[in-house]
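S.K.: Each chain, letter by letter, is given below.
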Amino acid sequence: MKKLFGIISLIFAVLLLAACGESEEDIYTLLMEAEDLSGMKAKMGTVISEDGDLGLPKEYNGVEITYKSRNPDIISDDGIVTLPGECWIESRDQKGEKKFEGLNDNWPVVIDVTLSYKGMERTAKLLFVVAPREGYTCDKYLG
Amino acid sequence: MRRLLLTVLLLLSIFGFTACNNKKPVYTEDDYKRLNAVIHHVENILKYGKAYNPDTELLPDAINTLTGEPAKWVFPNRATVPYSNMANQQNFLRTLVALSTVTGNPKYKNQAVATLSEFMENYQDPNGLFYWGGHRMINLDTLEVQSTEGPDGPHELKNMMPYYELMYEVDPDATLKFMRQLWTAHYEWDTSDLNRHGSYSTAYDQNAFGQKIPDDIIKFGDDGRPIIPEDSPGKLPFVNSATDLSYAALTLSRYTHDPAPKAWARYLMRQYKLASDPVTGMTVYQFKSTLISKSPQECSNPAYTNSGCGDRARRQFRDFGAIAREANIAWKNTQAMYVDNILMLVESGKRYNIPEFIEWAREYLEGYLEYAYIRVNGQNKIIPMFIDGTVTYGYVFPEVGYYGPSNSRLDYVDMPTTYILPILRTVLSLEKNEDKIVLWNYLRDIIYTFGIGDIGELGGKKPNLDLDTSVDDPFALMALIELYEATGNMQYLDAARTIGNNIVKEKFHRGFFVEDEILLYSRLDQPDTLALLILDGVIKGFKVDELPFYLADSGYIHGYLLADDGVVEDRNYSHRIIYTKTIYDWE
Chain A
1 MKKLFGIISL IFAVLLLAAC GESEEDIYTL LMEAEDLSGM KAKMGTVISE
51 DGDLGLPKEY NGVEITYKSR NPDIISDDGI VTLPGECWIE SRDQKGEKKF
101 EGLNDNWPVV IDVTLSYKGM ERTAKLLFVV APREGYTCDK YLG
Chain B
1 MRRLLLTVLL LLSIFGFTAC NNKKPVYTED DYKRLNAVIH HVENILKYGK
51 AYNPDTELLP DAINTLTGEP AKWVFPNRAT VPYSNMANQQ NFLRTLVALS
101 TVTGNPKYKN QAVATLSEFM ENYQDPNGLF YWGGHRMINL DTLEVQSTEG
151 PDGPHELKNM MPYYELMYEV DPDATLKFMR QLWTAHYEWD TSDLNRHGSY
201 STAYDQNAFG QKIPDDIIKF GDDGRPIIPE DSPGKLPFVN SATDLSYAAL
251 TLSRYTHDPA PKAWARYLMR QYKLASDPVT GMTVYQFKST LISKSPQECS
301 NPAYTNSGCG DRARRQFRDF GAIAREANIA WKNTQAMYVD NILMLVESGK
351 RYNIPEFIEW AREYLEGYLE YAYIRVNGQN KIIPMFIDGT VTYGYVFPEV
401 GYYGPSNSRL DYVDMPTTYI LPILRTVLSL EKNEDKIVLW NYLRDIIYTF
451 GIGDIGELGG KKPNLDLDTS VDDPFALMAL IELYEATGNM QYLDAARTIG
501 NNIVKEKFHR GFFVEDEILL YSRLDQPDTL ALLILDGVIK GFKVDELPFY
551 LADSGYIHGY LLADDGVVED RNYSHRIIYT KTIYDWE
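Chains as they are written, first to last, in my numbering: chain A, 1 to 143; chain B, 1 to 587.
Some hints here could point you the wrong way.
[To be verified] Listing some non-contacts, in silico: residues in chain A with all C-beta distances to chain B over 10 Å:
hint : residue
1    : LYS43
2    : LEU54
3    : GLU59
4    : SER69
5    : GLU90
[Unchecked claim] Distance condition first, Cα-Cα at most 20 Å in a straight line; then the derived PhoX-like pairs of lysine-lysine:
hint : chain 1 : residue 1 : chain 2 : residue 2
6    : A       : LYS43     : B       : LYS381
7    : A       : LYS125    : B       : LYS381
8    : A       : LYS41     : A       : LYS68
9    : A       : LYS118    : B       : LYS461
Quick caveat, the hints were computed from the structure, so don't treat them as lab data. Just so you know, even glycine gets a beta-carbon here, dropped at the ideal spot from N, CA and C.
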């Protein structure tokens, strides 16, 4: 009888824990972890000055990671960098006469990230700074 | 034996159910310790605040926690004035009322009424404006009105949202008169120009709001974008003034049953919606630019940033072309646009049945978070950009201007914890789950990144909060209380209690709540004590709506004072000069 009582108590304890959600796989934490530990942010904070692959991870511990660039001519959705042939911004003085060479050449490029795992999604953003290629032009004053 | 087993099963089931769904919190010793700290703080504020001048019920804006003396404004001529500015004490009035509610002791609310009565009876100009706000205060030595901006400082409120319910209870006529005159003194009825400075010389107009509401100021170009008029004679309609005007008008309609003020409030706030970006949804700080009134010669120096030289963003960020307008900047004044403004829109939308206010709040926040919210090095940040999504991160200013000196570089903008509350309140105000999910997911990420843990799925399912969090923030506390009330999930309340305990541990020093242990002054307008009392009330079974609610803590004094070096004249703010002083500065 004692044995039976013990088994029933154990089953209820397990059910109780499950009902309170304490033993569920924490997908949300995994998705957060994927953003921080997958390496997708490795080149944020540096100036990218070479063509090539950023090596953006497509997967992390089962989490699928996809990217959508806001400037695909410079960084594609696959993370391939093509250095632009012109500066980002041409800066001049208030009269529009004096040029400030090299002041705002590097392009900020935002990439929207979607992380998915077992039907749950989270979003994140990456911001990379890309330098123009050697011999670039800068004749695009908008002021 | 079978009966025994069934009984055991029944007991276990009941235990399991209550463990997961306990909706009646038990009042604990820790709960009482928090309440006791607030009582201690309030008693000290009243003791020392009233002791300074027994002839008045007015209280100082802040108290020196080493001496018990009022904070003092030192004018350039070295005149030292202990000051009381009722505009900067609204959260203390709310704290007093909340304390009476949760303790059942009427003396605290009675004190709030006594203080407010003296103020409203003696410090309302014949034209209806009160002597309070950015440039006026009461000298606690002489009980005379003092101006900090020359001899005749103007009336100025920015995101103040006064405690009108209590004001109306104390003096209905004075309250209604003020709410009418706030518009008359600050607003141009036919052009929607809006001066943050209101004159005490403007005659009172009993028939304010009697004019026909004009066509919308904002029209649209062929490209579908709003056209920002460039015709404001230096009276730019900044949203941090518009929120106060709208809140006053809506409250006026509530008390008078006159629909006209409400219609004007809707009209005014609609101009901000119309001027918002039609694609991203991001909103604007203003919907006008200034009329150019200065000569090209005067404006040829970029360091001369007078608004008479035209739109200051166009002057300094001209490299970006047409999008560079003051209205379109999304990295400055973000607290005004996305915190204070949203709190007013949502509160008014719910209370006064204005569904478009809640919808606009949703659109503004969704646009801002979708385009600009980013996590960098484990912190919540904002990417600087114009409201059409044009990123300005990394831009180096070629020349000096209104937005800063030359060679300044635009970096990520901090996202403080204040953002939590407007996002949550917007979510809780929406009816359909499909409308809530986008903002909820952002809120979930933001709160997690602040170190509070996971609030779980929409509706309060499966939260995984950090019940040992070190966060000691009143906005996070209020958000978790409101989450608890909305969902009934005990975990939110447990996390709220942890944050409440942290607030007491980290901020209650020398008998007062201070923002940091080493800071000298305890400000009456701080939101911590109100948040702690809302927590106490909810644990005791009160609804959040039965307690005074938090809307803003934007009070300040601005004007001329003596710089810290004791020699130079400075023009600055109380929160930059006075409330940054530490106990070591005093010694």
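S.K.: Taking only the CA atoms, is the gap from A:LYS125 to B:LYS381 under or equal to 20 Å?
M.R.: 11 Å, holds
S.K.: Classify the label on A:GLU90 as holds or violated, using whether its beta-carbon is more than 10 Å from each beta-carbon of chain B.
M.R.: 7 Å, violated
S.K.: Would the non-interface assignment of A:LEU54 survive a Cβ cutoff of 10 Å against chain B?
M.R.: 17 Å, holds
S.K.: Is the nearest Cβ of chain B still more than 10 Å from the Cβ of A:SER69?
M.R.: At roughly 12 Å from the nearest Cβ of chain B, A:SER69 sits farther out than 10 Å, so the non-interface label holds.
S.K.: Does A:LYS41 pair with A:LYS68 here, judged by a C-alpha cut-off of 20 Å?
M.R.: Between A:LYS41 and A:LYS68 the Cα gap is close to 15 Å, so the pair holds against 20 Å.
S.K.: Taking C-beta pairs only, is A:GLU59 more than 10 Å away from all of chain B?
M.R.: Correct as stated: the minimum Cβ-Cβ distance to chain B is 20 Å, above 10 Å.
S.K.: Is the hinted pair A:LYS118 and B:LYS461 satisfied, with a Cα-Cα distance of at most 20 Å?
M.R.: 17 Å, holds
S.K.: Does the claim that A:LYS43 lies off the interface hold, with its Cβ farther than 10 Å from every Cβ of chain B?
M.R.: 13 Å, holds
S.K.: Do the alpha carbons of A:LYS43 and B:LYS381 lie within 20 Å of each other, as the hint requires?
M.R.: 18 Å, holds
Checked against the numbered hints above, the structure breaks only hint 5 and satisfies the rest.
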